[in-house]
Amino acid sequence: MSSIPMEAGLLLAGILFVIGMVSVMIRRNVIFMLISVEIMLNAAGLAFIVAGSHWAQPDGQIMFIFILTMAAAEVSVGLALILQLYHHLKTLDSDAANFMKG
Amino acid sequence: MEATFYIAGAVAVIATLLVVMSYNLIHALLYLVVSFLAVAVVFFTLGAPFMAALEIIIYAGAIVVLIIFVIMMLNLTYEDVQQEKSWLKPSVWIGPAILSLVLLAELVYLVVAVEAPGTVSVSVEAAAVGMALYGPYMLGVQLCGILLMAGIVGAYHLGRQKKKIVHRFLERRAAS
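Chains as they are written, first to last, in our numbering: chain B, 1 to 102; chain C, 1 to 176.
I should point out that these hints are in silico values taken from the structure, not numbers from a laboratory. Hints are supplied without guarantee of correctness; some may be wrong.
With a cut-off of at most 27 angstroms between alpha-carbon atoms, the simulated DSSO-like pairs for lysine-lysine come out as follows [as the list claims (entries may be wrong)]:
{"no.": "1", "chain 1": "C", "residue 1": "LYS89", "chain 2": "B", "residue 2": "LYS90"}
{"no.": "2", "chain 1": "C", "residue 1": "LYS85", "chain 2": "B", "residue 2": "LYS90"}
{"no.": "3", "chain 1": "B", "residue 1": "LYS90", "chain 2": "C", "residue 2": "LYS162"}
Isolated chain B (complex conformation) (with noise of 0.2 angstroms):
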């Protein structure tokens, strides 16, 4: 089909995972947190997909999916405890929350 390199794909899944990575270490808010996790999930599909289109595969494309199913079920739980985090603690400060205690 198209000449595309698997490097340029690989580079961009690669890109795409430290900004998301980086994201996760500097903010405090735990949403923002949540949003970079989802970036990195995102690239490490991506880095699959592309994996898939170089050997014609559809090995790559059924990671894939299961990459977003898991995204899905793991931002559902996460922003209920997002909310319960806010209702107990009136902030969204990730620091707020390290005394291990209901």
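Assemble the complex: chain B is given as a structure, and chain C must be docked to it using the hints.
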């Protein structure tokens, strides 16, 4: 087709950077939608049109809208944006950013240094994906179903709030 890939990739990187650098949550989510759409275009150019559709429907459609609804429930104000701005000082982000950039440079070197044999991206039809999904990957599909079920039950259990009791008679009965 090649130029489309590179332009969409550049748009994805820029939009993701803007997600990371913006202080307002809603602005960040709008840039996140742009980033997901750009990644969907990348999927399309790589010969995975069904995955591009799934990316738009589930990531840009369902997940981002879910986060937006939660933000609306939290009732954030301008002060939260100011607090975010005060949290994100250069002294906070410069260390992790530089160390991660070193790791990214190593990754780029490792990907570029290895010479890959004849790189041509091939289109994989959605029908082949479906046949494999319900053939050798049947167990994975069922495990995904269990995971989604656990996600639903977990979200319901965690998101439930205690009923507020207004009458003291009912309060006493609930306590006993």
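Worksheet item: So which of those numbered hints doesn't the model satisfy?
Response: Violated: none.
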